[in-house]
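Chemist: In our numbering, the protein residues as written are 376 to 1097.
Since the hints were made in silico from the structure, they are not lab data.
Heads up, the beta-carbon is just placed ideally off N, CA and C, and yes, glycines get one too.
It is possible that part of the hints are untrue.
As the list claims (entries may be wrong) - Calculated cross-link-like contacts (lysine-lysine; reagent style DSS-like; alpha-carbon spacing at most 30 Å):
#	residue 1	residue 2
1	1019	983
2	502	845
3	551	583
4	757	718
5	651	689
6	551	540
7	934	945
8	514	465
9	879	502
10	791	1043
11	665	655
Claimed, not checked - Just the calculated beta-carbon pair ranges, DEER-fashion:
#	residue 1	residue 2	range
12	661	498	48 to 54 Å
13	718	771	28 to 34 Å
14	493	771	57 to 63 Å
15	496	1084	54 to 60 Å
16	808	656	58 to 64 Å
17	491	1064	50 to 56 Å
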Amino acid sequence: MFYQVLGAAAFAAIIWGCASTSRMDTKISPSSQTPAYDFIVANRDHGTNELNLLVTNSDNQSWWKKYRQGLLTLEKDASASCGYFTELSKEDSFPLKDLALLRAHQTCVDDKTLAPLKPELYRNNYKYAQDILATVVLKDARKSEDKADDIDALREIAKLESIPKKKEQYLLEAVKLAEDLKDQTKLEDVKAQLYRTSPRLRPHPVDKEILAAAMNFRERREFEEALKIYRQIAKDPKASNEEKYQALKNIRMTYKISQDKNSYIDATSQMVNFSKASFKKNKRDQNAVKHLHESYILLARTLWTEDQLNLAQKNLAEAQRLLKGLHPLDEVYFVLGRMAEEKNDLDKASYYYEASLKEVLSSQSIRDRVLWLYPWVLYKMKNFDKAAQSMAEYYHKAKENSDRTRSLFWQARALKSLNKNDEAKNLLEKLIKEDPIGYYGVLAVRELGQTYPPLASNEKDFSYSLFNLKEVGSVNALQAEWLMAVGENSFSEKVIDQISDELKRRGKGDEKSWLIVMTSYARANLYLPLFASFSGLPQDVKDTMVQKHPELLFPRNYKEQIVQSTTAEKIPAEIAFSIIRQESAFNPRARSPVDAFGLMQLLPSVAKELSRNTSVPYREAEDLYDPEINVPLGAKEIRGLLRKYDDQYILGVAAYNASGSAIRGWLKTRYRPDALEFIEEIPYDETRAYVKLVMRNFVFYKRLQASGPVSFPEEWLKLVSK
376 MFYQVLGAAA FAAIIWGCAS TSRMDTKISP SSQTPAYDFI VANRDHGTNE
426 LNLLVTNSDN QSWWKKYRQG LLTLEKDASA SCGYFTELSK EDSFPLKDLA
476 LLRAHQTCVD DKTLAPLKPE LYRNNYKYAQ DILATVVLKD ARKSEDKADD
526 IDALREIAKL ESIPKKKEQY LLEAVKLAED LKDQTKLEDV KAQLYRTSPR
576 LRPHPVDKEI LAAAMNFRER REFEEALKIY RQIAKDPKAS NEEKYQALKN
626 IRMTYKISQD KNSYIDATSQ MVNFSKASFK KNKRDQNAVK HLHESYILLA
676 RTLWTEDQLN LAQKNLAEAQ RLLKGLHPLD EVYFVLGRMA EEKNDLDKAS
726 YYYEASLKEV LSSQSIRDRV LWLYPWVLYK MKNFDKAAQS MAEYYHKAKE
776 NSDRTRSLFW QARALKSLNK NDEAKNLLEK LIKEDPIGYY GVLAVRELGQ
826 TYPPLASNEK DFSYSLFNLK EVGSVNALQA EWLMAVGENS FSEKVIDQIS
876 DELKRRGKGD EKSWLIVMTS YARANLYLPL FASFSGLPQD VKDTMVQKHP
926 ELLFPRNYKE QIVQSTTAEK IPAEIAFSII RQESAFNPRA RSPVDAFGLM
976 QLLPSVAKEL SRNTSVPYRE AEDLYDPEIN VPLGAKEIRG LLRKYDDQYI
1026 LGVAAYNASG SAIRGWLKTR YRPDALEFIE EIPYDETRAY VKLVMRNFVF
1076 YKRLQASGPV SFPEEWLKLV SK
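Turn these sequences into a full structure, and let the hints steer you where they fit.
Modeler: Next up, the structure:
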């Protein structure tokens, strides 16, 4: 956990100028302000070697350089990091002097030459840095002979740690110290905290503690230990039917997570057998009915996934027979409809979806999906009249804006197919107003045969700062500006988030205030929180932002490198910008859970292959954090995918997100000559959304590059079945 969530009231008091820090009365001089934005942009992605060669011409540039050097060497060369932060901690005019001192105490082995740390100062005024403070307090405690201090420090750092394994290690160390000290009170307190964190370590768990222990074993991938507990519950004659059923369900999930496919299928069958036996004993037992329904659905889905469609359908037919009149069959009909649709039996699919809608509601999420799938199947059947009517109904029932805009677009298309062009035109114009920067809004412009006006880049966007937000105290603004400048991004994000939340709370909704907030995110290279904050703005402010400040929403960071790399690969720069926006939101340090790195989220194995026979100096995974390595390799990957799929953008972009085998399967079972219909048929929610958003991005990046009207890029809609 990189920082502790800041209490809103405490933070607001500081950021809005209502509290004091150790340096609140310091008069701000021009020399203490951050370096020029151009200087920061030109140098913020430099590694240590490049920074060592950087010549600075002012105190603020020198401070910036040293802080960046300190951060870059923090993990790999703590002694070097110590030197940089120590120097900065002695610069009285440096706005982040206190934070530099904390970093120095964090990195220096010998802190005797450092100014003493005042923990209360940081607890009160630097709440975003509580994790660093806890690290320093523990480090100092370990130097003293009083091991009781170590226990307190270990417990505190464990509270702040988000990684369960590390949290557990801290607490186990605290337990050992308490045992050595023979301090029974501290030992009991630490063990209580440990067992809440790691219930599997509790010596004699009872009741709910047993299930918590099993779950903890599973989380730690100690699958056999988890299964042992679940099996004991399932066989325990004293356990209730509910407890036994949940145990069987957990056995199934454990096999799924451990990727033991055969055992996973067997465990699902055991759930059905157990549920059926309970049901036959008492058909009036609502729990037995519910379990039977759920287990049949799970088994059918499992078998279907394993290409055992006939057996899956047989189980659903049995579920219908047993449950009719006892439990709503809306989900059974939904799954049957999906199976029929996959086989392109649209008549049967529409029958099942209609049957699902007529059933009593048992699952709102299933009902929401069927409300779209039913009119969509009607559309594919060319029953345009009924499809348009059903889509109009869906528009008013849909909860998400993306679902409403989808229904408007396809309703308009259905009406066009019925030659109801005026009605279709009205819907498309409405769609453009409701979804000006969305995928369907972009398609509506094309559908009307119109062009997109160019978007003017506004370089002045990035000259705004928190000093322009009069409600923020000047010294606090200065500290926040420096956090953004030096790349303390996780701290910066929390500060800007709090300002954004406070603006909303105070009703400060004018364009200028929000522009300052959005600019702050952008200058800190924090585009994901920028996009999230933007989505919550009033519609009129959003519309103005898009027209006047498009590069806040469609950044072109690393433009020179991207244009150079895409030109070399003979692909449009817009495709790289569009993919980077979705992959990493222009964060060069992005790293995914599956270890994809950098701007274009490349896997090291892929990067190694791409770098063969090139001049790109790729050697190890962390090289992918460097845009000068990541972007050329990413551009090469895009070119390879487009070449593989004969310049079919939809397939090439989908392949950047999903596997080639998945795409082959979609072309085999879901191909439609109309490219836009094919996109709707992509079965992976993530990939379907990804393709839509990259296409939308592409249009907006073309508008940013253009000096005149822009036509829809028709090359995107090339699609040929193979």
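Chemist: Hints first: check each against the structure and report whether it holds.
Modeler: Each hint tested on the structure:
1. 1019 to 983: 19 Å, holds
2. 502 to 845: 23 Å, holds
3. 551 to 583: At roughly 27 Å apart (the allowed maximum being 30 Å), residue 583 and residue 551 satisfy the hint.
4. 757 to 718: 17 Å, holds
5. 651 to 689: Distance of about 15 Å is within 30 Å: holds.
6. 551 to 540: 17 Å, holds
7. 934 to 945: 16 Å, holds
8. 514 to 465: 22 Å, holds
9. 879 to 502: Satisfied, since the Cα-Cα distance of roughly 22 Å is no more than 30 Å.
10. 791 to 1043: This hinted pair holds, its Cα atoms lying about 29 Å apart.
11. 665 to 655: 13 Å, holds
12. 661 to 498: 48 to 54 Å: 52 Å, holds
13. 718 to 771: 28 to 34 Å: Between residue 718 and residue 771, where Cβ atoms are some 31 Å apart, the hint holds.
14. 493 to 771: 57 to 63 Å: For residue 771 against residue 493, whose Cβ atoms are near 60 Å apart, the range 57 to 63 Å holds.
15. 496 to 1084: 54 to 60 Å: About 58 Å separates the Cβ atoms of residue 496 and residue 1084, which means 54 to 60 Å holds.
16. 808 to 656: 58 to 64 Å: Given about 59 Å between the Cβ atoms, the range holds.
17. 491 to 1064: 50 to 56 Å: At 53 Å between Cβs, range holds.
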